[in-house]
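Now for the letters of each chain:
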Amino acid sequence: MGFQFDSAFFVYELIVAIKYIPVVLLLSVVPLAVGMILGSAIAVVRLFKVRGLAQFLAALVIFLRGVPLLLQLTILYLALHLGVDAVAPKYGLALSSKDISYTLVAVIGLSIHAAVYLSEVVRTALQSVPSGQYEAAYSVGMNSREMLYRIILPQALPVAIPLLGSNLIGLIKGSAIASLISVVEIVNATLFEANSNYKFLEAYLAAALIYWALCVLVERIVAVLEARVSVYGKGGVV
Amino acid sequence: MENIFSFSLFIDAFPKLLSRLDITLYIVLIALIFGLLIGSYIALVRLYKMPVLSQLATVYVSFIRGIPILVLLYIVYIGLPVLVEGLFHVNINRWDTLIFVLIAYIVNSSAFLSEIIRSAVAGVEVGQTEAAYAVGMTRWQAFRRIVFPQAIKIALPALGNNIVSLLKDTSLAYTLGVIDIIGVIKAISSNTYRSLEAYAAAAIIFFVLSLLLEQTFKRLEKRLGTKHVVSGQE
Amino acid sequence: MIEIKDLHKSFGEQEVLKGINLKVEKGEVVVILGPSGSGKTTLLRSLNFLERADKGEITIGNVQVNCKHVTQKKILEIRRNTAMVFQLYNLFKNKTALENIMEGLIVARKMAKEEALKISHYYLEKVGLKERADAYPSQLSGGQQQRVGIARALALNPEVILFDEPTSALDPELVGEVLSVMRKVAKEGRTMIVVTHEISFARDIASRVVFMDGGVIVEQGRPEEVLLRPKEERTKKFLKRILPAADYSI
Chain A
166 MGFQFDSAFF VYELIVAIKY IPVVLLLSVV PLAVGMILGS AIAVVRLFKV
216 RGLAQFLAAL VIFLRGVPLL LQLTILYLAL HLGVDAVAPK YGLALSSKDI
266 SYTLVAVIGL SIHAAVYLSE VVRTALQSVP SGQYEAAYSV GMNSREMLYR
316 IILPQALPVA IPLLGSNLIG LIKGSAIASL ISVVEIVNAT LFEANSNYKF
366 LEAYLAAALI YWALCVLVER IVAVLEARVS VYGKGGVV
Chain B
4 MENIFSFSLF IDAFPKLLSR LDITLYIVLI ALIFGLLIGS YIALVRLYKM
54 PVLSQLATVY VSFIRGIPIL VLLYIVYIGL PVLVEGLFHV NINRWDTLIF
104 VLIAYIVNSS AFLSEIIRSA VAGVEVGQTE AAYAVGMTRW QAFRRIVFPQ
154 AIKIALPALG NNIVSLLKDT SLAYTLGVID IIGVIKAISS NTYRSLEAYA
204 AAAIIFFVLS LLLEQTFKRL EKRLGTKHVV SGQE
Chain C
838 MIEIKDLHKS FGEQEVLKGI NLKVEKGEVV VILGPSGSGK TTLLRSLNFL
888 ERADKGEITI GNVQVNCKHV TQKKILEIRR NTAMVFQLYN LFKNKTALEN
938 IMEGLIVARK MAKEEALKIS HYYLEKVGLK ERADAYPSQL SGGQQQRVGI
988 ARALALNPEV ILFDEPTSAL DPELVGEVLS VMRKVAKEGR TMIVVTHEIS
1038 FARDIASRVV FMDGGVIVEQ GRPEEVLLRP KEERTKKFLK RILPAADYSI
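So the protein sequences, as listed, match chains A, B and C. For the first sequence, the positions run 166 to 403 when the numbering used here is used. For the second sequence, the positions run 4 to 237 when the numbering used here is used. For the third sequence, the positions run 838 to 1087 when the numbering used here is used.
None of these hints come from the bench; they were simulated from the model. If you're wondering where the values come from, they're calculated on a predicted model, not measured in any experiment. Don't take every hint at face value.
A few chain A residues that face chain B, going by a derived Cβ cut-off under 7 Å, partial list only [claimed, not checked]:
{"hint": "1", "residue": "236"}
{"hint": "2", "residue": "366"}
{"hint": "3", "residue": "373"}
Some chain A residues well away from chain C (every beta-carbon gap over 12 Å; in silico) [to be verified]:
{"hint": "4", "residue": "203"}
{"hint": "5", "residue": "309"}
{"hint": "6", "residue": "316"}
Backbone N, C-alpha and C define an ideal beta-carbon position, used for all residues, glycine too.
Next up, chain A with everything else stripped away, as it sits in the complex (with noise of 0.2 Å):
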């Protein structure tokens, strides 16, 4: 039984499979975004040791930190499920468990995971910060604000991006689980294709080579943003 690779049907599920690039872009892109907001307000909570509330948080952070994210989505799904339909009837909601988008259980889901390394990734770059800078913008009679955006975040950044591009690229990869939860993106859509035929390396192997594409992407990006946002870091170049 020779294997005949397709390689005209692997051209075809490579366009399929970048047409659900926007799919990977919503499952990461999103979860990014808005786990850049809660990973920062969970980072200055315990950076400012706002008391108990930081101690949660940060028993949080380490639980989630090691808890795989496909028991973070199966769970976030059925207990979303079994919640509403248990709920939406005592409270006459015309809802059902049907009604609930798997890409939106599958964005929450990849948001929590974000923010909880999002989090992780803000400490790690304000600390970078030495205390002097702090020190210095409030001698020259900053308010705090001012100092943050003026002097603290433009040196946190260059710490940050290539930690958000690692991220990001953890995002794009973590994405393929939510195929598990019934989401349509790259990998179910290239293999819903390959169902009539059975050509699931092809399928697999198209799916494979835009993820990678994307990451190189990112990858690529990072550097040029890197390179752009650290010039004052350089001596001797003037």
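Starting from the known structure of chain A, fit chains B and C onto it as the hints suggest.
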């Protein structure tokens, strides 16, 4: 509440899941050992810039790091028999699924670990090697006695993170039909028609394992005196 | 005019300032001497509210605060009446030399950009770094960075400039250039409070020398009094330890 989350089912799930813990740990261990061996070789190929091999290694690492482990699992599962058949005319379709899973995780971790090893070795100053040569050490002695111990210190935090990721990534092995911690949930849920409790139990197990791994590495780092670059210039 | 009344500050169990009273007139150059751990840096940082004193009163120009109940707004007012030159320079790493000086003027003083630019160039020239305006801190030597730090403080035109061991992080051959800028500033009649180990600077420039030890002011007076004829035993001991090494006449 009981029809959302049954506490007794949650508790009952633990022994069933833990009975399959060995499979999960086995995958982690094998992927780690072979990943380190192959990863070191890839790192050396790239560090010494061996012609052709170095370029191939670069593409390999970039590709493997750029695709989801889920996709890699299937590519190995479907693609490897085709490749072996084509090259050696040997049919390996009947191999145990676990072998394909192991190969996929080895491939995956070899790429990630090679990057860690490469940047750790590159992180040791050239002066260290030169000083070792200056006191009359051979290339191998210089590597083993001077460079390697320093590189280990640099690599340790990333290595720890990577093993935790590897552990969590094994949760996808069930997609090929391996009955590990996650795979057994499928079996449970087909009896009870519910799985939330079992998934929650699995989450706890993975969390505890990750925590144990993290703590072990923290202790190792302390013992080896790995410096964490955090903040401050003073 | 600056007035400090009964200033107290503790770090945990340890009381670092045990009731400091000090008055500094306009145009005075006050040098604070003392062994490490005597509280002199803490005193200086309390004046700029980089440390918040536990108790006491601080008056700087027309702003008076009680350290026990002080509002964020008052702290900002005090900070806008003072400027600080740091031991480790603390230039904004993401700003050029010129921008470092402009930053406080534009942001805190709400000055128009044109004017801020003019002032910044003026002070950069004053500290002898006209041609380094567009250099980032990482491209400047320690001495140059500290001179920019002084220019940054001068440009704010504060009631008082606080110098926190401005030369102690510098290589010996770079100390001179910073001290000479400080001399120039002192001669212009700026009010300065300087924590330093440079006895020669204290002797030649200070209008008053304050000796601190163990969180209190032990003695103060004109430099020749305190340095040559100290009254207190603790001052004598301190001077004996550092003078033979530090006091080579210029």
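Verification of the hints:
no., hint, result
1, 236, "5 Å, holds"
2, 366, "5 Å, holds"
3, 373, "4 Å, holds"
4, 203, "26 Å, holds"
5, 309, "9 Å, violated"
6, 316, "5 Å, violated"
The structure shown violates the earlier hints numbered 5, 6.
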